[in-house]
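K.L.:
Each residue of the sequence shown is one higher than the last, beginning at 3 in the numbering used here.
The set of hints was computed from the structure by calculation and includes no laboratory data.
Hints are supplied without guarantee of correctness; some may be wrong.
[What the hints assert, rightly or not] Computed list of lysine-lysine pairs in DSBU-like fashion (alpha-carbon distance at most 30 Å, straight line):
no. : residue 1 : residue 2
1   : K42       : K9
2   : K42       : K92
3   : K21       : K9
4   : K81       : K9
[As the list claims (entries may be wrong)] Distance ranges between label pairs, derived from CB positions:
no. : residue 1 : residue 2 : range
5   : G118      : D10       : 20 to 30 Å
6   : N44       : G11       : 17 to 27 Å
7   : A41       : P129      : 10 to 20 Å
8   : E45       : R134      : 48 to 58 Å
9   : A41       : R134      : 49 to 59 Å
10  : D73       : I141      : 20 to 30 Å
11  : K36       : N145      : 48 to 58 Å
12  : D49       : Y123      : 39 to 49 Å
13  : G24       : E45       : 21 to 31 Å
14  : N145      : L14       : 23 to 33 Å
15  : D34       : I141      : 19 to 29 Å
Built from N, CA and C at the ideal position, the CB exists for glycine as well.
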Amino acid sequence: GAMIRFKDGDLLADPIRGKLAGADFNLRVAADFKDLLDAKLNEPLPDVIGTIDERIQKLELDVRDLMVNSDLLAMLPPKYQDIQTDYSPKGPADFSIVQTRESNRVVRRARLIPKGMSAVYEGFPYPIDNIRGVVDATITLNNQSTSYSTLVRIQNHP
C-alpha cells in the first residue's frame, strides 16, 4: 500500500499503485501545504483544490504496458488530440513523467518507450510497424514563457 506522510506542512505519498486503462501505474507525490499550519479555526481554509498545481513540488508517474489507441487518446485533454489525427499510434508502450517545481517554474520531463507500436503519419500514409525506441520530452513553464525540448531515439530491431 501507499505510505502517506504529512509532516510540517509537507505531504508525501509514496507510492500509490493502481491501474490506468488496464496498465499498472505507480504515482509518487510531494506537495506543500505549509499555509494550512497557520490556518485559524474561525477563518475559511485556503483554496486547496484551486491551488493544487502550485502546491505540487514533485510528481512522478510511471505506467507500464499501456495500450495506446484511439480510445485512450480520446481521454486526453483537447490540446493532445492531434496525436491521434497526425500519427494514429497503436500498441503497447511504457510512459513516465516527472514534474518538479523550482521556485517560479515547473519542469516536466516525459518519456515514452514504444514496445512494438504501429503508426501512420498523416503526411506519409504508409504504416510503420514494430516501432521501438525512446521519446524524451522536456517542457519548462514559468510565468513569462514556455520552452520545449524533445529528443527522439528510434531503434527498430528484432
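K.L.:
Does K92 lie within 30 Å of K42 when you go C-alpha to C-alpha?
P.N.:
Judged against 30 Å, a Cα distance of about 52 Å means the pair is violated.
K.L.:
Does K9 sit within 30 Å of K42, going by the straight-line distance between their CA atoms?
P.N.:
Distance of about 18 Å is within 30 Å: holds.
K.L.:
For the range 49 to 59 Å, tell me whether the beta carbons of A41 and R134 fit it or not.
P.N.:
holds (51 Å)
K.L.:
Are D49 and Y123 spaced within 39 to 49 Å by their CB atoms?
P.N.:
The hint (39 to 49 Å, Cβ to Cβ) holds, given that D49 and Y123 are roughly 43 Å apart.
K.L.:
Look at the Cβ atoms of D73 and I141 and judge whether their distance stays inside 20 to 30 Å.
P.N.:
holds (25 Å)
K.L.:
Is the distance from the Cβ of G118 to the Cβ of D10 consistent with 20 to 30 Å?
P.N.:
Given about 47 Å between the Cβ atoms, the range is violated.
K.L.:
Next pair to validate is K21 with K9; report whether the Cα-Cα distance is within 30 Å.
P.N.:
This hinted pair holds, its Cα atoms lying about 28 Å apart.
K.L.:
Given the range 19 to 29 Å, decide if the beta-carbon distance of D34 to I141 lies inside it.
P.N.:
Distance hint for D34, I141 holds at roughly 21 Å.
K.L.:
Confirm or reject the claim that K36 and N145 have a C-beta distance inside 48 to 58 Å.
P.N.:
Once the Cβ atoms are compared, 21 Å apart, the range 48 to 58 Å for N145 and K36 is violated.
K.L.:
Hey, K81 versus K9, does the alpha-carbon distance stay inside 30 Å?
P.N.:
violated (37 Å)
K.L.:
Within 10 to 20 Å or not, the Cβ separation of A41 and P129?
P.N.:
With a Cβ separation near 57 Å, A41 and P129 fall outside 10 to 20 Å, so the hint is violated.
K.L.:
Confirm or reject the claim that N44 and G11 have a C-beta distance inside 17 to 27 Å.
P.N.:
About 20 Å separates the Cβ atoms of N44 and G11, which means 17 to 27 Å holds.
The structure does not agree with the numbered hints 2, 4, 5, 7, 11, 13 stated previously, though it agrees with the rest.
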